[in-house]
Amino acid sequence: MLVIKDLHAKIDDKEILRGINLEVKPGEVHAIMGPNGSGKSTLSSVLAGNDKFEVNEGSVTFNDKDLLDLAPEDRAREGVFLSFQYPVEIPGVSMVNFMRTAVNEHRKYRNETPYSASEFLKLMREKKSLVEIDSNLTNRSVNEGFSGGEKKKNEIFQMAMLEPKLAILDETDSGLDIDALRVVANGVNKLKSPDRATIVITHYQRLLDHIVPDFVHVLYKGRIVKSAGKELAHELEEKGYDWIKKEFED
Amino acid sequence: MNKTCRIVNLQDEYSQIYKDNLPFLKAGAPNKMNALRDDAFELFNVKGIPSNKVEEYKYTNLQPFFKGTFDIAFSSESAIQNNDHSFTCGVPNLDTHNVFLINGWFSSQDATDKLPEGVVVGSIREKAADYPEVFEKYYGEQSNDGDAMAAMNTAFAQDGAFIYVPKGVVVDKPIQLVNIMIGEQDRLVFQRNLIVIEENAQAKIMLCDHTMSAQKFVINSLSEVFAATNSVLDLYNIQNQHNLTTQVASVYVNQKKHSNVLTNNLTLHSGITRNNIRVTLDDEYCESHVYGLYLNDKNQHVDNYSFIDHAQPHCESFELFKGVMDDSSSAAFTGRVMVRPDAQKTNAYQSNNNLLLTDNAKINSKPQLEIYADDVKCSHGATVGQLDEEAMFYLRSRGIDENESRILLMYAFAYEVIEKIRVEALKENIRSLVEKRFRGEYDKCDSCVICGQQGVSASCL
Ligand SMILES: Nc1ncnc2c1ncn2[C@@H]1O[C@H](COP(=O)(O)OP(=O)(O)OP(=O)(O)O)[C@@H](O)[C@H]1O
Ligand SMILES: [Mg+2]
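Those protein sequences? They're chains A and B, same order as listed.
Just so we're aligned, residue 758 is where the first sequence starts under this note's numbering, counting upward by one.
Just so we're aligned, residue 14 is where the second sequence starts under this note's numbering, counting upward by one.
Be a bit skeptical, because a hint or two may be false.
Unchecked claim - Result set (EDC-like, lysine to aspartate or glutamate): computed pairs, CA atoms no more than 16 Å apart in a straight line:
{"hint": "1", "chain 1": "A", "residue 1": "Lys865", "chain 2": "A", "residue 2": "Glu920"}
{"hint": "2", "chain 1": "A", "residue 1": "Lys865", "chain 2": "B", "residue 2": "Glu403"}
{"hint": "3", "chain 1": "A", "residue 1": "Lys809", "chain 2": "A", "residue 2": "Glu785"}
{"hint": "4", "chain 1": "A", "residue 1": "Lys762", "chain 2": "A", "residue 2": "Glu814"}
{"hint": "5", "chain 1": "B", "residue 1": "Lys60", "chain 2": "B", "residue 2": "Asp158"}
{"hint": "6", "chain 1": "A", "residue 1": "Lys809", "chain 2": "B", "residue 2": "Asp158"}
{"hint": "7", "chain 1": "A", "residue 1": "Lys865", "chain 2": "B", "residue 2": "Glu417"}
{"hint": "8", "chain 1": "A", "residue 1": "Lys771", "chain 2": "A", "residue 2": "Asp821"}
{"hint": "9", "chain 1": "A", "residue 1": "Lys978", "chain 2": "A", "residue 2": "Asp808"}
{"hint": "10", "chain 1": "B", "residue 1": "Lys180", "chain 2": "B", "residue 2": "Glu130"}
{"hint": "11", "chain 1": "A", "residue 1": "Lys983", "chain 2": "A", "residue 2": "Asp966"}
{"hint": "12", "chain 1": "B", "residue 1": "Lys66", "chain 2": "B", "residue 2": "Asp84"}
{"hint": "13", "chain 1": "A", "residue 1": "Lys809", "chain 2": "B", "residue 2": "Asp355"}
{"hint": "14", "chain 1": "B", "residue 1": "Lys60", "chain 2": "B", "residue 2": "Glu26"}
{"hint": "15", "chain 1": "A", "residue 1": "Lys809", "chain 2": "B", "residue 2": "Glu197"}
Simulated from the structure, these hints should not be mistaken for lab results.
Keep in mind the model is a prediction, meaning the values are calculated, not measured.
Chain A with its partners taken away, still in its complex shape (with noise of 0.2 Å):
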């Protein structure tokens, strides 16, 4: 599904991601860890499009098709997903023109005719429920004046709306109370499918507790430099990074 090779960006002349591999196939969850500042987010961002950074070197494909020949609102139409670290506020635009407007351009990339005004709110209501977030929320304008966990209610609720291929969570656990999280897990593993992937970037066991990873890596300086099952998860917890930085410089 998605395949990453040897994949170099870098801002203002500074390389941030220093040569990635990863392979991710349908139905698979991988987990994400690594200090801080290590590249996740930038990893994350260069996927969804963002042109802030330059890839240098590398190639990424999703589903046999060039990603980072996409504009950003192609590759979500093909099915990437972001769910932002820090969601951004934007006055002004409603929720519900906003996602409106989402769900109907992928159904147009898809050939489908674009939803009435009375079948969106039907689909809202449902995926409201889905991810059990305040009506009051999708009232107002795209995340302003939420709060850090509402924010990150609101990327999932995006997601169970759009339905993507392949969901990339960026630390969306941090700043959510327990049944927050909860919440949160369920609405990931609702979308849960033998053709759908996802990855997980987090700093805590407690989401992977949920949403169990068939992988772990560890990104540490631009690289991933350590992959395995889902007990390495366990270990960072318990070790945390250094064995792996000092294993690494060596």
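Got chain A sorted already, so can you dock chain B with the ligands onto it with the hints?
Okay, now just chain B with the ligands, sitting in the frame of chain A:
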């Protein structure tokens, strides 16, 4: 009387036009209108059409736009000519009392028996005769502030609208002044409106400007507004003209105790626009909302010059102007706020925010606070920015294409001003008009943005 006037050197010809046509200017006009002409002309003649060397006009040199060969109508017949076919106009889902003015002259209106008793709407030159005490008391009392363009209007204007709402009367139905510019030659147009809202009275007035033929129109319009104690007035100035239009639109508002006035200058499309907005808070506990939205593209230019005069204590003013500039368009904003020594406990808030979509678009924003009282709260802020890159990326990452994302964000920027509209159906309408404007679906010069009435296409330069 229609006269074709060639203007090359401005004052030379304007003073000749005034002298040659004085009998026509005075014929049938109310006494006070005529009594003020000579002095106003003198002032205009001394000051001249403002160039950008005049401090108040430094961002808009009007001189080149007032040169050319224009028809000027010196009588109702010549202004209206063969355009006496009835116009229809209206805002969808909004029942308005429509008044039609052609080239500055009153033409027709809806049946007035639907208006509450005592409310007077009509031609200023006719109604002045019927209500001399109102006319004498208010006409020209605010417009004599030394501004050259106001003086020019006082010297040359012969007609316009008269609106009078007596004590305690609430007019639910908005009154819409449909200002139509039409002609076979380029035209210079003057229009003079007088609006008096008495104690405890309420009204909502919309000025809706149309250009209906492809000629060049140069317009000098002036509205004097008096809002008495406890009155509530909304004044929406919706400017939708083709690119060959130059308009100087002045609004003078005088407010008395506990009055609440909202003005909103919505410049959706025009050529060169200069709005002079002067609000005098002439008594205690007045509340004034002064808003504006300007959307420019191509070579359009909009200059909003506002002057809020806090002359008395305990008044509040809220000022918000927002603009979106595309292509090589330009705009200017001046926010002059005067807090006089007596005006303690003044609250005055001002902001001007601008979105520049290209490197060639320009804005000059100038707050100008003169505060002579010590117990006051005043704030002002001006911003100039581009579309937020982060927000763009967020929208696009959800599958919304670049163009659509831009439109969403431009609309989001403008929305704060649109939300200030206190007439729900008008607000709805302006919302969709603004969205269409951003989509480029008004290209643009063809029809009235309000009612979609067809005009003749002018070149959209
Ligand atoms: N816009 C930018 N300009 C300059 N440097 C940047 C920019 N964005 C990211 N970086 C740098 O790139 C590096 C990787 O940042 P990134 O956000 O990808 O880390 P991360 O692994 O997601 O960290 P965290 O766990 O704290 O979220 C950091 O050193 C960061 O300072
Ligand atoms: Mg990060």
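For each hint, the structure was consulted:
| no. | hint | result |
| --- | --- | --- |
| 1 | Lys865(A) <-> Glu920(A) | holds, 15 Å |
| 2 | Lys865(A) <-> Glu403(B) | violated, 25 Å |
| 3 | Lys809(A) <-> Glu785(A) | violated, 29 Å |
| 4 | Lys762(A) <-> Glu814(A) | holds, 9 Å |
| 5 | Lys60(B) <-> Asp158(B) | holds, 13 Å |
| 6 | Lys809(A) <-> Asp158(B) | violated, 53 Å |
| 7 | Lys865(A) <-> Glu417(B) | holds, 14 Å |
| 8 | Lys771(A) <-> Asp821(A) | violated, 29 Å |
| 9 | Lys978(A) <-> Asp808(A) | violated, 21 Å |
| 10 | Lys180(B) <-> Glu130(B) | holds, 11 Å |
| 11 | Lys983(A) <-> Asp966(A) | violated, 20 Å |
| 12 | Lys66(B) <-> Asp84(B) | violated, 28 Å |
| 13 | Lys809(A) <-> Asp355(B) | violated, 54 Å |
| 14 | Lys60(B) <-> Glu26(B) | holds, 14 Å |
| 15 | Lys809(A) <-> Glu197(B) | violated, 54 Å |
Of the hints listed earlier, those the structure fails to meet are numbers 2, 3, 6, 8, 9, 11, 12, 13, 15, in rising order.
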